[in-house]
Amino acid sequence: TGETPENAPHDCPGPQSEEAGKQSTCEGCPNQGACASGANKGPDPDLEAILERLSGVKKKILVLSGKGGVGKSTFSAQFSFALAESDARQIGLMDIDICGPSIPKLLGLEGQQVHHSNLGWSPVYVKDNLGVMSIGFMMAADEAVIWRGPKKNGMIKRFLRDVDWDELDFLIIDTPPGTSDEHLSITQYLNEAGVDGAILITTPQEVALADVRKEINFCKKVGIPILGVVENMSGFVCPSCKGESQIFKPTTGGGEKMAKDMDVPFLGKIPLDPRLARACDEGKFFMTEFPDSPATKAYQQIIEKILTAVDAK
Amino acid sequence: RMQTKDIKHIILVLSGKGGVGKSTVSAQIGYALVKRGKKVGLLDVDLCGPSLPQLLGLSGKDVKRSTQGWVPVYADASQRMCCMSIGFLLPSPDSAIVWRGPKKNAMIKQFLEEVVWGELDYLIIDTPPGTSDEHISLIEYLQDSNPDGAVIVTTPQGVSLADVRKEISFCQKVNMPILGLIENMSGYACPHCAECTNIFSSDGGKLLAEELDLKFLGKIPIDPVLTEQSDLGSNFIEKFPDSPSLNSVMNLVDSLIGSDRMNIGA
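Protein chains in written order, with my numbering: chain A, 1 to 313; chain B, 1001 to 1266.
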């Protein structure tokens, strides 16, 4: 099927790789002959299976950054909570960060496990209309997932092929930082099914923007439509004196200028609110806990823009 | 084959979690070690998001070749600090390195085999977040180079600690000694009223270190001046000698210098 077999060495380049069966690590692997002859390559039948599985999903949105720690998972979680406020919508949230899966904690689902049915893997439900999938549900809390690319790709494929998402209005896909295996794979596996758009998260500083520009170029290269850029951690209001200050100064113009330079929409700025970090750690929906926070208002405005943009496509 | 024989101490900077300040802390450790009279190399194995050139004010520099290999980029005329990063090899700063694992591993191997590090007191290796190809390969390639161990960086909040626990588990699995834990972004003093707000919670790193019996190297506060200087690629330590963040950094480096191989008995 093109997946890395269970009996492959941990250095396996993957049966679909150019090096399949030819690397020194392939010596002794039972699949070496098949890989080297190209028998395990060819059109991936799983892409059809994924297309079928996701046929009931109306919109698929990737949350990307390039930079770590800017708030992708926080945004994905709060966005999913917000979308699921309307009972009329069915929402799925998929966490493809295999090494650092934050989504279970952010949704208050730590310790939950994935159940299998004859329809496939069942997402873990926060509430009736919000289902979640993450490798976090499949491992012990402190267990490190020490996998090379091909094994990570295999898991991501299973999330797409084997999870019984059923009918969804939105599937939000939270990603790890970078432009590597996970990003290439999700793009590849969703080639048939299609991605409706990507939201790029940044913070105001240049070290973040530098990585996000690369991610934008990655999206353009692989043909993922960009819904826009969100500038997170943008300013701080002191809970004591209400004075405003900039913690992560936009030394080169911040997310707004970068979006303009890269010719992509700018969706808005979200300020820092210490209560948001706490809500995340507690797995709570920040916007209903603190409806008057400037961060809540920012989220509301940004979400409106995203819904407009994605409907328009 | 690794060009690491004349390097006295090799220290990895790890996290598990992205955006906690690994690269910032790596750069500050570099500057602080130089201040303590050491000769330092900084190796950036984050191939997707290489931040070190920017943080060290070396953006746009080229890597030169000599007969023995690649010459690392020197940060100063006295050649007390040098750096290697894929950032120096990109055709343009906005180019994305869209490589799968095997190509990334090959690059990291080249950095260790082909860079002429020369005689160094310390090689600080900045890593990307996670526990994947780069980390597995780095540990494998360093097997014969006898690294001192890893410094783990975290922020205080739960979501970071969750990933850091995994990284600690990874270190234990691959027998990488942990030199200590740093709690970064620990508290913010409002410039208007000086009230300290724990934006990303507080004490999480310290408590984790206690729980897992790891050395706690200290807290570094959120410091917009440090962040700004990092963006500008300035030597914060030289420019702001009175900053409370500077004290935190110098203390942690002094603690590290005291924790060399002989003391930790790895």
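Source of the hints: derived by calculation from the structure; they are not laboratory data. Take these hints with a grain of salt, some might be off.
[Said to hold, decoys possible] Not everything, but these chain A residues come out facing chain B in the computed CB check (under 7 Å): (1) 16; (2) 99; (3) 207; (4) 211; (5) 213; (6) 218; (7) 220; (8) 271; (9) 274; (10) 281.
Idealized CB from N, CA, C, for every residue including glycine.
Review point. Does the CB of residue 207 (chain A) sit less than 7 Å away from some CB of chain B?
Key: holds (5 Å)
Exercise for review: With a cut-off of 7 Å on the beta carbons, see whether residue 220 (chain A) makes it to chain B.
Suggested key: violated (9 Å)
Check your understanding: Holds or violated: is the Cβ of residue 218 (chain A) closer than 7 Å to a Cβ in chain B?
Key -> holds (4 Å)
Exercise for review: Would you settle whether the hint for residue 271 (chain A) is holds or violated, based on the nearest Cβ-Cβ distance to chain B being less than 7 Å?
Suggested key: Violated, because the Cβ-Cβ distance from residue 271 (chain A) to chain B comes to roughly 11 Å (cut-off 7 Å).
Practice item. Using 7 Å as the Cβ threshold, decide whether residue 281 (chain A) counts as touching chain B. Key: holds (4 Å)
Point to revise | Satisfaction of the residue 274 (chain A) interface hint, Cβ to chain B closer than 7 Å | key: holds (5 Å)
Exercise for review: Would you check whether residue 16 (chain A) satisfies its interface hint, that is, whether its CB is within less than 7 Å of any CB in chain B?
Suggested key: Given a least distance of 10 Å, the restraint on residue 16 (chain A) is violated.
Check your understanding: Would the stated hint for residue 213 (chain A) survive a check requiring a Cβ distance to chain B of less than 7 Å?
Key -> With a minimum Cβ separation of about 4 Å from chain B (threshold 7 Å), the hint on residue 213 (chain A) holds.
**Study point:** When the least beta-carbon distance from residue 99 (chain A) to chain B is tested against 7 Å, hint result
**Key:** holds (4 Å)
**Study point:** Hint check, residue 211 (chain A) versus chain B [nearest Cβ-Cβ separation less than 7 Å]
**Key:** holds (4 Å)
Checked against the numbered hints given earlier, this structure breaks hints 1, 7, 8; the rest are met.
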